[in-house]
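Engineer: Each chain, letter by letter, is given below.
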Amino acid sequence: MSPSSSHSWIVGVLAIQGDFEAHLKMLRALGEVRDASLRGRAVVGRAVRKVQDLDGLSALILPGGESTTISKGLAREELVKPIHEFAAAGHPILGTCAGAILLCRSAENHPVPTLGLVDAVALRNAYGTQVDSFAQLVDPGCAPGFEGMRCVFIRAPKLATLGAGVEVLARVGGEPVFVRDGKILATTFHPELTDDLRVHAALVAAIRE
Amino acid sequence: MTKTKNATQTAVEKAKGSDGARTSAQAFEIKVGLAEMLKGGVIMDVTTPEQAKIAEQAGASAVMALERVPSDIRRDGGVARMCSIEVIAGIQDSVSIPVMAKVRIGHFLEARVLESLGVDFIDESEVLTPADEAYHVDKNDFKTPFVCGATDLGEALRRIGEGAAMIRTKGEAGSGNIVEAVRHLRSVVGEIRALTTLRPEELASRAKELRAPIDLVRFVAAHGRLPVPNFAAGGIATPPDAALCMALGAEAVFVGSGIFKSEDPETRARAVVHATTHWQDPGEVLKACRGLGRAMEGIEMKTLAEHERLANRGW
Numbered sequence: 040m041s042p043s044s045s046h047s048w049i050v051g052v053l054a055i056q057g058d059f060e061a062h063l064k065m066l067r068a069l070g071e072v073r074d075a076s077l078r079g080r081a082v083v084g085r086a087v088r089k090v091q092d093l094d095g096l097s098a099l100i101l102p103g104g105e106s107t108t109i110s111k112g113l114a115r116e117e118l119v120k121p122i123h124e125f126a127a128a129g130h131p132i133l134g135t136c137a138g139a140i141l142l143c144r145s146a147e148n149h150p151v152p153t154l155g156l157v158d159a160v161a162l163r164n165a166y167g168t169q170v171d172s173f174a175q176l177v178d179p180g181c182a183p184g185f186e187g188m189r190c191v192f193i194r195a196p197k198l199a200t201l202g203a204g205v206e207v208l209a210r211v212g213g214e215p216v217f218v219r220d221g222k223i224l225a226t227t228f229h230p231e232l233t234d235d236l237r238v239h240a241a242l243v244a245a246i247r248e
Numbered sequence: 488m489t490k491t492k493n494a495t496q497t498a499v500e501k502a503k504g505s506d507g508a509r510t511s512a513q514a515f516e517i518k519v520g521l522a523e524m525l526k527g528g529v530i531m532d533v534t535t536p537e538q539a540k541i542a543e544q545a546g547a548s549a550v551m552a553l554e555r556v557p558s559d560i561r562r563d564g565g566v567a568r569m570c571s572i573e574v575i576a577g578i579q580d581s582v583s584i585p586v587m588a589k590v591r592i593g594h595f596l597e598a599r600v601l602e603s604l605g606v607d608f609i610d611e612s613e614v615l616t617p618a619d620e621a622y623h624v625d626k627n628d629f630k631t632p633f634v635c636g637a638t639d640l641g642e643a644l645r646r647i648g649e650g651a652a653m654i655r656t657k658g659e660a661g662s663g664n665i666v667e668a669v670r671h672l673r674s675v676v677g678e679i680r681a682l683t684t685l686r687p688e689e690l691a692s693r694a695k696e697l698r699a700p701i702d703l704v705r706f707v708a709a710h711g712r713l714p715v716p717n718f719a720a721g722g723i724a725t726p727p728d729a730a731l732c733m734a735l736g737a738e739a740v741f742v743g744s745g746i747f748k749s750e751d752p753e754t755r756a757r758a759v760v761h762a763t764t765h766w767q768d769p770g771e772v773l774k775a776c777r778g779l780g781r782a783m784e785g786i787e788m789k790t791l792a793e794h795e796r797l798a799n800r801g802w
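Residue numbers (our numbering), protein chains in the order written: chain A, 40 to 248; chain B, 488 to 802.
The shape of chain A in the complex, shown without the other chains:
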């Protein structure tokens, strides 16, 4: 595709419940900084509540929130199959925290139905309750470009038994917190609660891979 193309990439944010507005804000910010990954294109965010909202999207974000609540909403809105088809068509997806849980092949400690797009098991609330929530920098030795990233963990899950095809892009305290399985990205932390646009830029970069 031509780098000078004037049309925009539309990135959907699942807006059933959670901090979807924070992700939409990140997408607006990404458009404003004219990040190199955009190659001159505009990025436009769109709230996704129904199947037809997926039409024309280049990428999708599953936000933070309550994974049980969002999982119920995915079933109620009959979005599970369309999201599988979206991924199968080669479109990238990013899930943060609750979104990451929903992307995994299964979830333990109060199981929820998951999409199975990342070959890992999500251990829910693995750090404890809200009093155990924290923020910390990524460990040294992360994938290039993510050095010094500050990660906010809110009742966060851990990712276990990663499949052979899953690449760990960043760890915190030795735990994988940012992984990639093909074009599916998952973080157990909340990049959308900071001003650091690098995770969202990585999602947009994956559109043209």
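These aren't lab readings, by the way, just hints derived from the structure by calculation. Keep in mind that the hints are not guaranteed to be accurate.
[What the hints assert, rightly or not] In the EDC-like style, the derived pairs of lysine to aspartate or glutamate whose C-alpha atoms are separated by at most 20 Å in a straight line are:
id, chain 1, residue 1, chain 2, residue 2
1, B, LYS774, A, GLU117
2, B, LYS774, B, GLU793
3, A, LYS89, B, ASP580
4, A, LYS89, B, ASP768
5, A, LYS222, A, GLU206
6, B, LYS540, A, GLU147
7, A, LYS89, A, GLU71
8, B, LYS540, B, ASP580
9, A, LYS197, A, ASP158
10, A, LYS197, A, ASP171
11, B, LYS774, A, ASP92
12, A, LYS89, A, GLU116
13, B, LYS630, A, ASP171
14, A, LYS120, A, ASP92
15, B, LYS774, A, GLU116
16, A, LYS222, A, ASP158
17, A, LYS222, A, ASP94
18, A, LYS120, A, ASP94
19, A, LYS89, A, GLU117
20, B, LYS540, B, GLU750
21, A, LYS197, A, GLU116
Go by the hints and put chain B onto chain A.
Structural biologist: Here is chain B on its own, set in the frame of chain A:
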């Protein structure tokens, strides 16, 4: 592209003052982080693990553990205190969504007990009988985030200055009447809008009138929003009630007596969740209104004497 501290944190940090900054801006960010995760959702009052499971299955984003829902507290009279630990712990064990619980206004020891128990959010609530008629809890000093009720912008900013990580309208709990929540939402949102039109030198006088910290007033004027999420509570009984609150600027809703005092709690719980997600789509709110059974009984505000109004508690 990397910045570590945003304007919200800075404003709140400043508002706390240099000697009062016992809690770092980072800790405040973590507290507000959980409030962010609850946006777009419905937080339901529950009194048993069974009710908590019904709420979770219906799509609640959190539950509020209580011994009695507000309409029963209103009916029974007497002193309403923090819920028994057994009830809260039983509910914590039964669900994976966040569990909140209420403390009496100013009762920082009840709050310490709930913090030790590991509840996810503490509601310093006018629904319980106030423990202190002069001071609210110093919420900056806790690891657990707090939500507080407010009837107007000044009250909201005073609570945020004390460390609240979420604001909700007081409404009139247990009334099944949305009119007070609407009044409080319109008041907070309208006063925010008005602040954004002021010149910088006018903000100090306005802060004095609002009896609110100047740095928080400046933040609101610059950003056109509160520095923490703004939810609605008090009197929500139907799916359109929830949608109305969202349309008036609430970012999520609390439903107290409205669910489990209705004829069919499970159906109504699902319906309120659906209407909160799709508040912009009347066709979807209509779907949520079908087959609901009877709503809870409501109370006309004129029949409530001033001393019976829970929203008058706190300042």
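Engineer: Given the proposed pairing of A/LYS222 with A/GLU206, does the C-alpha separation stay at or below 20 Å?
Structural biologist: Judged against 20 Å, a Cα distance of about 11 Å means the pair holds.
Engineer: Hinted pair, alpha-carbon criterion (20 Å max): A/LYS197, A/GLU116. Please report holds or violated.
Structural biologist: Since the Cα atoms of A/LYS197 and A/GLU116 sit roughly 27 Å apart, the hinted pair is violated (cutoff 20 Å).
Engineer: Does the structure keep A/LYS89 and A/GLU117 at a Cα separation of 20 Å or less?
Structural biologist: Measuring from Cα to Cα gives roughly 8 Å; hence the hint holds.
Engineer: For the pair we were handed, A/LYS120 and A/ASP94, check the Cα-Cα distance against 20 Å.
Structural biologist: This hinted pair holds, its Cα atoms lying about 14 Å apart.
Engineer: When you check the alpha-carbon spacing of B/LYS774 and A/ASP92, does it fall within 20 Å?
Structural biologist: holds, 19 Å
Engineer: Given the hinted pair A/LYS89 and A/GLU71, is their Cα-Cα distance within 20 Å?
Structural biologist: violated, 28 Å
Engineer: Would you mind confirming whether the straight-line C-alpha gap from A/LYS89 to A/GLU116 stays at or under 20 Å?
Structural biologist: holds, 6 Å
Engineer: Just to be careful, I want the Cα atoms of B/LYS540 and A/GLU147 compared with a cutoff of 20 Å; is the pair within it?
Structural biologist: Cα-Cα ~18 Å, so holds.
Engineer: Checking one constraint from the list: CA of B/LYS630 to CA of A/ASP171, max 20 Å. Satisfied?
Structural biologist: Status holds; Cα separation ~9 Å.
Engineer: A/LYS197 and A/ASP158 were given as a pair; does the straight-line alpha-carbon distance stay at or below 20 Å?
Structural biologist: holds, 13 Å
Engineer: Measure nothing beyond the straight line between the CA atoms of A/LYS120 and A/ASP92; if it is 20 Å or shorter, mark the hint as holding.
Structural biologist: Holds: A/LYS120 and A/ASP92 sit about 14 Å apart, inside 20 Å.
Engineer: Starting from B/LYS774, check that the Cα of A/GLU117 is at most 20 Å away, please.
Structural biologist: holds, 15 Å
The structure fails hints 2, 3, 7, 21 (numbered hints given earlier, in ascending order).
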